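Go by the hints and put chain V onto chain Z.
There are 2 protein chains.
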Amino acid sequence: MAKEIRINAFLAFAPTHLSPGLWAHPRDRALDYNSLALWTDLARTAERGGYDALFFADGISQYDVYGGSNAAGVRWGLQFPRLDPLLLVSAMAQVTEHLGFAVTSSVSYEAPFLFARRMSTLDHLTRGRVGWNIVTSFGQSGSRAIGQADARPHDERYDLADEYMEIVYRLWEESWEDGAAVRDRDARVFADPARVHEIRHEGRFFSMQGTHYSEPSPQRTPLLYQAGASNRGKDFAARHAECVFLSSPTAHLIARDVADVRARAAALGRDPASVLFFSLATVIVAPTSDEAQAKWQDIQRHVSLEGALALFSRWSGIDLSKYSPDDSLQYVKSEGMQSAIEAFTVADPGRVWTIGELAVFNAIGGKGPVFIGSPAEIADALESWKAQTGVDGFNLSHALLPGTHEDFVDLVVPELRRRGVYKNAYRAGTLREKLYGEGHAHLDAPHPAATHRAAFIEENTHA
Amino acid sequence: MAKEIRINAFLAFAPTHLSPGLWAHPRDRALDYNSLALWTDLARTAERGGYDALFFADGISQYDVYGGSNAAGVRWGLQFPRLDPLLLVSAMAQVTEHLGFAVTSSVSYEAPFLFARRMSTLDHLTRGRVGWNIVTSFGQSGSRAIGQADARPHDERYDLADEYMEIVYRLWEESWEDGAAVRDRDARVFADPARVHEIRHEGRFFSMQGTHYSEPSPQRTPLLYQAGASNRGKDFAARHAECVFLSSPTAHLIARDVADVRARAAALGRDPASVLFFSLATVIVAPTSDEAQAKWQDIQRHVSLEGALALFSRWSGIDLSKYSPDDSLQYVKSEGMQSAIEAFTVADPGRVWTIGELAVFNAIGGKGPVFIGSPAEIADALESWKAQTGVDGFNLSHALLPGTHEDFVDLVVPELRRRGVYKNAYRAGTLREKLYGEGHAHLDAPHPAATHRAAFIEENTHA
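As you go down the protein sequences, you meet chains Z and V in turn. Sequential numbering of the first sequence, starting at 0, is according to numbering that gives the first Met the number 0. Sequential numbering of the second sequence, starting at 0, is according to numbering that gives the first Met the number 0.
Same shape as in the complex, but just chain Z:
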């Protein structure tokens, strides 16, 4: 199925992810974000709809650019409070069989040894259905909360991330050889000490030595997601990512980034087609176009303008409380240009946007397109976007939780299946095998993780 469209749900373990104000909608359940039932119900719905994974964003920096404080963020519950998504996974795994769970975790805050154990734990408990969205953290409030003096400069963050990856790859791939966990009741051997190795690392950012505290899990290294948009971030994605997450409302910007990262991956010897791209999108669907438009109007009535401005202030680094919603972006740009705003003028070069328009534009589902229409119109739009951009699928944001996903599963998935562009059933095996096919439970060369897996075997062969 060459044209197969892949779908993840893009989520935050919070009252608001990307659609500010919608938790107050009478049919929204996001206020139950801190109870298990919301998430186990959503996981069941997603598996019924053949989603590849639930993809959880995360972070601990406040939305405190707007007005110079976190007041708007607190008032609207903008990704604050936000709970730890790793702790949701086992309950969702308990009620599903195939669905993947991609969790975001920053390399900036935690010791690689403990993090590696956490991901191996989840990979065991899900039987190989876990992914990791690798991020570096730039928020000063997050750094201060951890007790670090300041967030590191951008490129240094990625240097640290490369070193972090080196350590966790070695723990996941090299510390325990295949078959080291003998588990032999008759011989009374749990594991063979000769095939379990201590990892020693001395680097610029980290020094450690330790034996991985988990026997090999089904995938060893979790499926790797990344979303770097900068030059340095794209290099990192080209080297490490199996799935890349892109956000832009403009197809040709997505297309440019897909081509760019694929070229960088190819330059590193990787098969460019093996890097899968997911484009942020929000789908508002109803049985007919008119009903979909009515649903869209109803949703827009619940949007919080203040919440949208606070979200966008953080993303752009510009305190939009200093401007009127009627000020033009040209005016804001003259005050301090940011790439986040650039994207919008590129999207529609003939138009002069106001701040208020920009906020509303972003208010539902964040910085991706919103597709509104009947099931056939949505399927057309998804296929067209995929053809224009070269992405493999979508990270679907929601307006209503879980309503937006229930609508997608009930209305769009059957239409995509009719068109032969959507899986009718999951493949067997781990999350990685579901994406790459049988025999691909582990990363293959020349991915750097695979290089590490061979390390001790080669040493032994040459010895």
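Hint data in this document are derived by calculation from the structure and do not stem from the laboratory. Do not rely on the hints blindly, as some may be mistaken.
To give an idea of the chain V side of the interface with chain Z (calculated C-beta under 10 Å), a few residues [unchecked claim]:
#1 Met91
#2 Leu113
#3 Gly355
Over the 12 Å line for every Cβ pair with chain Z, so calculated as not near, a few chain V residues [said to hold, decoys possible]:
#4 Lys2
#5 Asp63
#6 Asn69
#7 Asp289
#8 Asp325
#9 Gly402
#10 Pro413
#11 Gly438
Quick caveat: nothing in here was measured; it's all calculated off a predicted structure. Using N, Cα and C, we set each Cβ at its ideal position, and we do this for glycine too.
Below, chain V without anything else, positioned relative to chain Z:
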């Protein structure tokens, strides 16, 4: 029910906890430790039997004293591999309604801000059924794995722990006032920024500032467990612990520690009866005495002597591989006396123990008594131990997983209920309310956590 006996299961998320070699027993399921089903089944069994909590030990230091390497630990799977118990909780909460989950986490390795968010997440998802066993870490291999040069000296670890507690109490109790999470759909206010506060801490070990990333969870501060055995550890327990875990095969040593910690708690103004004590024990029960003895013989045939020596070498700090199993403890003591060995000679002062006897003595269930017999004999033994020591209940270790607990629930619990010394049903509410009664969801003054909860309210009152 003044004589009520409380029961926790004492567990490790590993193939072996305290009964080395038993995973190889044909009726043991511990090899499934890395699958959800073992733990969700055990949670259901424990709730059926009215257990207060599953209590998970944890740690990342190798059992590498014996023979100067971790080879025996790896071969027998001695608390290695060991996975992260926090990640099991949501699945077990999903299949139970009342059972508590106490997880061990060290203050030595993780930023208080992130840990506080983790525990709040679990307290939300379990609806207030989570506990924290506070430990400081002394293993050099754990410190090196984290990238710390060396484990800190003993008393300094507790100084750091006191400061860590100060920070997490402030995050849990002070950062969000009661009612700050308004959650008002009509007024469209998620939370009131005026009642959500940033915590700033500048101390000897930690400096941080941040607003807790979770709205108040049912218990705010999780139920606090501790197991300090040293003078400094007992002071820490007297100040912070609600539940204290003690391990000794000797009733009068337990009695001494119960009285000692209660006296220290009273000196700090706490009600000494509000500190609950749990004594490590293992129960081998069958319908008749003879069948229980037969079960015990069968279990002993599966014990690993090497595993037992490796466990005890770590606990005592003495490499027992240097001695013959026939060497007497007197001889070992002359080489380097340790309190862990002292306990055994005190237990039976007239007897000269050999190393082999000591290892076998510890081989099932660790450093607590093993009670073997019919349900009535076990109930007698538990009541007698409770009366002799002043403990409130037991942390039950197992020989077979989950068989030892299934036996206890099926055979001992009904006998205890007949005697009127065991709950017939759980109390409503959070884990803390189940132990302390209605209205006790939160810690009360003079516990230091309660002091912090009042901080902002008092400031406002006096302003």
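Can you list which hints this structure breaks, lowest number first?
3, 5 and 6
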